[in-house]
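Enquirer: Sequence:
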Amino acid sequence: VHMSMKLSCCEAGVSLSSFTPCNISEITKIILSMKNKTSLGWDEIPIKLIKATVQIISKPLTLIINQCLREGVFPEKLKYSQISPVFKKGSKKDLSNYRPISVLSNLSKIFEKLINLRLVNYFENNHLLYSKQFG
Numbered sequence: 001v002h003m004s005m006k007l008s009c010c011e012a013g014v015s016l017s018s019f020t021p022c023n024i025s026e027i028t029k030i031i032l033s034m035k036n037k038t039s040l041g042w043d044e045i046p047i048k049l050i051k052a053t054v055q056i057i058s059k060p061l062t063l064i065i066n067q068c069l070r071e072g073v074f075p076e077k078l079k080y081s082q083i084s085p086v087f088k089k090g091s092k093k094d095l096s097n098y099r100p101i102s103v104l105s106n107l108s109k110i111f112e113k114l115i116n117l118r119l120v121n122y123f124e125n126n127h128l129l130y131s132k133q134f135g
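Just so we're aligned: 83 in UniProt numbering is position 83 of the sequence shown, and the numbers increase by one with no gaps anywhere.
Capping the alpha-carbon separation at 27 Å, the derived lysine-lysine pairs in DSS-like fashion look like this:
| # | residue 1 | residue 2 |
| --- | --- | --- |
| 1 | K132 | K113 |
| 2 | K51 | K79 |
| 3 | K109 | K51 |
| 4 | K79 | K37 |
| 5 | K51 | K77 |
| 6 | K59 | K48 |
| 7 | K29 | K79 |
| 8 | K35 | K113 |
| 9 | K79 | K109 |
| 10 | K77 | K48 |
| 11 | K35 | K59 |
| 12 | K48 | K35 |
| 13 | K113 | K77 |
These are computed hints drawn from the structure, not numbers from a lab.
Based on the sequences and whatever the hints tell you, model everything.
Expert: Dropping the structure here:
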């Protein structure tokens, strides 16, 4: 995995490196919770394949993600997406009647789900969410 870009810290002084490292069971749980969608990112690795090999890939994936957290980097290739135009309505000849859909790699989605868990935990533990927050 090529890691090239440092992520900047937020105003509160929190960076990826301050997040708790993940463990194999947490990554396994994230993988198994993902929907069996057929859409593929640029790497064309289907979630069904990732789920079928979860016992094999969870450990190396955990090591890679923890290294990314320690170093505060997100692998450049995981930032790539496959963009497809989706028709809304009206004339199919008018390009403004299409909206772009960005499909990410399933490996990127696993990393993002972990970061989401860490962010929500951080916000809740530090009382940073408004009690009436929704959405």
